[in-house]
Amino acid sequence: MNVQEDKRRSGILLGADGNALVNLVVVNAVLFVLIKFIYVIYLLSDLNIDAFYSSVFSWFILPADIDKLAYRPWTIISFMFTHERVMHVIANMLWLWLFGYIMQDLTGNRKLVSVYFWGGIAGAFAFVLAHYIFPRLQADLGFASLLGANASVMAVAVATTTVSPDYRIFPMINGGIPLWILTSLYVIIDFATISVGNGAMYLAHFAGGALGFMFIYQMRRGRDWSLWLNNLFDWFDNLFNPEKPSRKKNNKDSFFYKVSGQPPFKKYPNITQQRIDQILDKINVEGYHMLTDEEKDILRRAANEDEL
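Under the working numbering, read the sequence shown as residues 1 to 308, first letter to last.
Please note: incorrect hints may appear among the correct ones.
Unchecked claim - Subject to a maximum C-alpha distance of 20 Å in a straight line, what follows is the list of computed SDA-like cross-link-like pairs (lysine to any residue):
1) K36 with V25
2) K36 with D50
3) K36 with I61
4) K282 with R300
5) K68 with D50
6) K282 with L185
7) K68 with F125
8) K68 with L129
9) K282 with D297
10) K68 with L47
11) K68 with P171
12) K282 with K296
13) K68 with V22
14) K36 with L147
15) K36 with S55
16) K36 with D105
17) K282 with L47
18) K68 with Q138
19) K36 with F125
20) K68 with S145
21) K36 with I90
22) K282 with D234
23) K68 with Y53
24) K296 with L106
25) K36 with L47
26) K68 with M87
27) K68 with A139
28) K68 with L137
29) K36 with M87
30) K68 with R85
31) K68 with Y132
32) K296 with R275
33) K68 with F52
34) K296 with L280
35) K36 with L98
36) K296 with D105
37) K68 with I41
FYI, nobody ran anything at the bench for these hints, they're computed from the structure.
Given the sequences, and given the hints that come with them, work out the whole structure.
So this is what it looks like as structure tokens:
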């Protein structure tokens, strides 16, 4: 058994179980196709296109007016998956795939959705608040709206760069390009494509990026902002799959006994295929940095045995 080969097999593949990146891209793509399908129906039925935007599209995008938002609270979530133009959704999904793939490689599968989600929420809050704080934006309050995954993707980009700013991509180009350079390029392109004069959208994207930085900062201080959202997903998933084993383990399931102080000898557990598979699954879900010293030692000894 080759540990390195097995580790690559357990990596992030298109359609792999638990691949949050694929799930996010699929949700964005499906919603875009659904909205466009309804749009085509309006065209073929010779209906008023303005009716499509007022009766259909407006129920997916985030209004700046709090009174309208009160009747459409779900738009706080739906707007970050809603796109109108083909190039808009393609550009966002390409950037999301690039930064999301690296983030999952560094932190595991259970952080990406939370960063995407919280980045969108931060962008929505900044967008709505800006229209009530700045007098120049209050004139647009009645019809201003926010849509697209830009704030969420910005959060993912900044969070990924905060984890490892010197992460190298395209290693064939002079040893690789540092991730922070690519992120700087993305920020410039993203802000350059915002409509001139739309200051609230600038603030929304900036708020998404700030949230991405704070997410990683808090994670390094031991505060995991993704915990409750992941627990919610697990609970919802278990409703439809009652035979799925629980992620939580009791101490009795992990330890045979408790002792105080240092043991009289160092115990080296046997290396089994099942144990290695469990460690590789943990890397895929939580990231290599979440392994214990014992688990890292098992991988090292397994790799050494393969070389003999």
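Evaluated hints:
no., hint, result
1, K36 with V25, "holds, 17 Å"
2, K36 with D50, "holds, 14 Å"
3, K36 with I61, "holds, 14 Å"
4, K282 with R300, "holds, 16 Å"
5, K68 with D50, "holds, 18 Å"
6, K282 with L185, "violated, 33 Å"
7, K68 with F125, "holds, 14 Å"
8, K68 with L129, "holds, 14 Å"
9, K282 with D297, "holds, 15 Å"
10, K68 with L47, "violated, 25 Å"
11, K68 with P171, "violated, 49 Å"
12, K282 with K296, "holds, 11 Å"
13, K68 with V22, "violated, 32 Å"
14, K36 with L147, "holds, 15 Å"
15, K36 with S55, "holds, 14 Å"
16, K36 with D105, "violated, 33 Å"
17, K282 with L47, "violated, 53 Å"
18, K68 with Q138, "holds, 15 Å"
19, K36 with F125, "violated, 27 Å"
20, K68 with S145, "holds, 11 Å"
21, K36 with I90, "holds, 14 Å"
22, K282 with D234, "holds, 16 Å"
23, K68 with Y53, "holds, 15 Å"
24, K296 with L106, "holds, 16 Å"
25, K36 with L47, "holds, 15 Å"
26, K68 with M87, "violated, 28 Å"
27, K68 with A139, "holds, 16 Å"
28, K68 with L137, "holds, 17 Å"
29, K36 with M87, "holds, 13 Å"
30, K68 with R85, "violated, 24 Å"
31, K68 with Y132, "holds, 14 Å"
32, K296 with R275, "holds, 12 Å"
33, K68 with F52, "holds, 17 Å"
34, K296 with L280, "holds, 11 Å"
35, K36 with L98, "violated, 25 Å"
36, K296 with D105, "holds, 17 Å"
37, K68 with I41, "violated, 26 Å"
In this structure, the earlier hints numbered 6, 10, 11, 13, 16, 17, 19, 26, 30, 35 and 37 are contradicted, and the remaining ones agree with it.
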